[in-house]
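Asks: Based on the sequences and whatever the hints tell you, model everything.
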Amino acid sequence: MSLAAEAYVSQIAAADPWPENATLYQPLKDDQILLSDCASSLAVQAYLRMCRLPIRTRCRPNAEYMSPSGKVPFVHVGNQVVSELGPIVQFTKAKGHSLSEGLDEVQRAEMKAYMELVNNMLLTAELYIQWCDENTVAEITWPRYSSPYSWPLNHILAYQKQWEVKRKMAAIGWAGKSLAQVYEDVSLCCQALSQRLGTQPYFFNKQPTELDALVFGHLFTILTTQLTTSELSEKIKNYGNLLAFCRRIEHNFFEEHNREGDAGPASHFPKSPSLI
1 MSLAAEAYVS QIAAADPWPE NATLYQPLKD DQILLSDCAS SLAVQAYLRM CRLPIRTRCR
61 PNAEYMSPSG KVPFVHVGNQ VVSELGPIVQ FTKAKGHSLS EGLDEVQRAE MKAYMELVNN
121 MLLTAELYIQ WCDENTVAEI TWPRYSSPYS WPLNHILAYQ KQWEVKRKMA AIGWAGKSLA
181 QVYEDVSLCC QALSQRLGTQ PYFFNKQPTE LDALVFGHLF TILTTQLTTS ELSEKIKNYG
241 NLLAFCRRIE HNFFEEHNRE GDAGPASHFP KSPSLI
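Using UniProt numbering, the first residue of the sequence shown is number 1, and each one after it goes up by one.
There's no promise every hint is true.
[To be verified] Calculated cross-link-like contacts (lysine-lysine; reagent style DSS-like; alpha-carbon spacing at most 27 Å):
#: 1; residue 1: 206; residue 2: 95
#: 2; residue 1: 29; residue 2: 168
#: 3; residue 1: 237; residue 2: 29
#: 4; residue 1: 206; residue 2: 177
#: 5; residue 1: 206; residue 2: 71
#: 6; residue 1: 93; residue 2: 206
#: 7; residue 1: 93; residue 2: 112
#: 8; residue 1: 161; residue 2: 237
#: 9; residue 1: 29; residue 2: 166
#: 10; residue 1: 166; residue 2: 177
#: 11; residue 1: 237; residue 2: 206
#: 12; residue 1: 71; residue 2: 161
#: 13; residue 1: 161; residue 2: 29
#: 14; residue 1: 112; residue 2: 95
#: 15; residue 1: 71; residue 2: 29
#: 16; residue 1: 177; residue 2: 95
#: 17; residue 1: 177; residue 2: 71
[Said to hold, decoys possible] What follows is a list of derived Cβ distance ranges for each label pair:
#: 18; residue 1: 151; residue 2: 106; range: 33 to 43 Å
#: 19; residue 1: 171; residue 2: 78; range: 31 to 41 Å
#: 20; residue 1: 69; residue 2: 151; range: 20 to 30 Å
#: 21; residue 1: 113; residue 2: 70; range: 50 to 60 Å
#: 22; residue 1: 143; residue 2: 60; range: 16 to 26 Å
#: 23; residue 1: 238; residue 2: 96; range: 32 to 42 Å
#: 24; residue 1: 157; residue 2: 102; range: 41 to 51 Å
#: 25; residue 1: 107; residue 2: 251; range: 23 to 33 Å
None of these hints come from the bench; they were simulated from the model.
Ideal Cβ positions, reconstructed from N, Cα and C, are used throughout, including at glycine.
Replies: Shown next as structure tokens:
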């Protein structure tokens with residue numbers, strides 16, 4: 001986000017406190033949402049719960065087209081609509097809610113570097129598998145993505161989305177990668193995250209930051225989502241501390257909500273058993 005954009009977000013956010021009726025929008029959980037969007041949505045939910053900010057979740061078939069950036073999730077807070085984790089973090093910070101306020105400059109730079117790693121490796125791998133792996137496209141992606149729409153719009157929108165993702169893959173040098181190479185990239189990313197986490201409860205010791213929310217969103221979603229093979233989740237299962245990290249956040253920030261009847265992180269589309 002540019003400095004001008006950050007200043008604007010801060011200005012509009014600081015005007016009012018966080019309301020009780022703040023709402024997060026995402027695609028339909030049971031039939032439509034895909035791995036990458038599910039991970040991004042869970043990351044935002046985790047972040048807001050870590051901030052102790054109330055948020056309601058609403059599923060809409062056209063959530064992607066309602067979003068100001070064309071990406072999900074997005075939050076509707078008062079008269080403001082903000083999409084994606086980074087801008088939402090800035091938005092809450094302007095309202096006086098920050099998870100990384102206690103970090104020094106070196107730690108903040110490190111946090112941002114690891115967040116970039118997750119977005120550049122895990123998120124990109126999710127998009128690749130969804131839209132570039134033929135088996136996944138045929139069995140999962142096209143049926144789910146197009147499910148809310150009738151013919152021929154369902155085919156048009158799915159084809160358009162696939163074309164956009166493939167164009168992105170070509171631009172960043174991923175178009176020529178094999179699925180095995182993508183899995184290897186995921187493994188290297190998990191290794192780096194595991195080494196940074198070590199034996200700490202969170203990446204910066206005792207208190208979670210937006211990095212923890214982002215990592216949890218992606219790892220937990222990969223672990224609990226049924227794909228055509230289990231190879232992606234197996235890369236994470238090689239690292240016991242990452243599994244414990246996911247269990248910890250699920251327990252600390254979601255289980256209480258589950259007991260109160262609020263759907264937890266394992267409620268999204270085709271899933272394997274919960275981590276616990």
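Asks: Determine for every hint whether it applies to the structure shown.
Replies: Cross-check of the supplied hints:
no.: 1; hint: 206 to 95; verdict: holds, 23 Å
no.: 2; hint: 29 to 168; verdict: holds, 25 Å
no.: 3; hint: 237 to 29; verdict: holds, 25 Å
no.: 4; hint: 206 to 177; verdict: violated, 38 Å
no.: 5; hint: 206 to 71; verdict: violated, 32 Å
no.: 6; hint: 93 to 206; verdict: holds, 20 Å
no.: 7; hint: 93 to 112; verdict: holds, 15 Å
no.: 8; hint: 161 to 237; verdict: violated, 31 Å
no.: 9; hint: 29 to 166; verdict: holds, 24 Å
no.: 10; hint: 166 to 177; verdict: holds, 12 Å
no.: 11; hint: 237 to 206; verdict: holds, 23 Å
no.: 12; hint: 71 to 161; verdict: holds, 12 Å
no.: 13; hint: 161 to 29; verdict: holds, 19 Å
no.: 14; hint: 112 to 95; verdict: holds, 21 Å
no.: 15; hint: 71 to 29; verdict: holds, 16 Å
no.: 16; hint: 177 to 95; verdict: violated, 43 Å
no.: 17; hint: 177 to 71; verdict: holds, 25 Å
no.: 18; hint: 151 to 106: 33 to 43 Å; verdict: violated, 55 Å
no.: 19; hint: 171 to 78: 31 to 41 Å; verdict: holds, 36 Å
no.: 20; hint: 69 to 151: 20 to 30 Å; verdict: holds, 28 Å
no.: 21; hint: 113 to 70: 50 to 60 Å; verdict: violated, 26 Å
no.: 22; hint: 143 to 60: 16 to 26 Å; verdict: holds, 19 Å
no.: 23; hint: 238 to 96: 32 to 42 Å; verdict: holds, 40 Å
no.: 24; hint: 157 to 102: 41 to 51 Å; verdict: holds, 44 Å
no.: 25; hint: 107 to 251: 23 to 33 Å; verdict: holds, 25 Å
Hints 4, 5, 8, 16, 18 and 21 from the earlier list are contradicted by this structure; the remaining hints agree with it.
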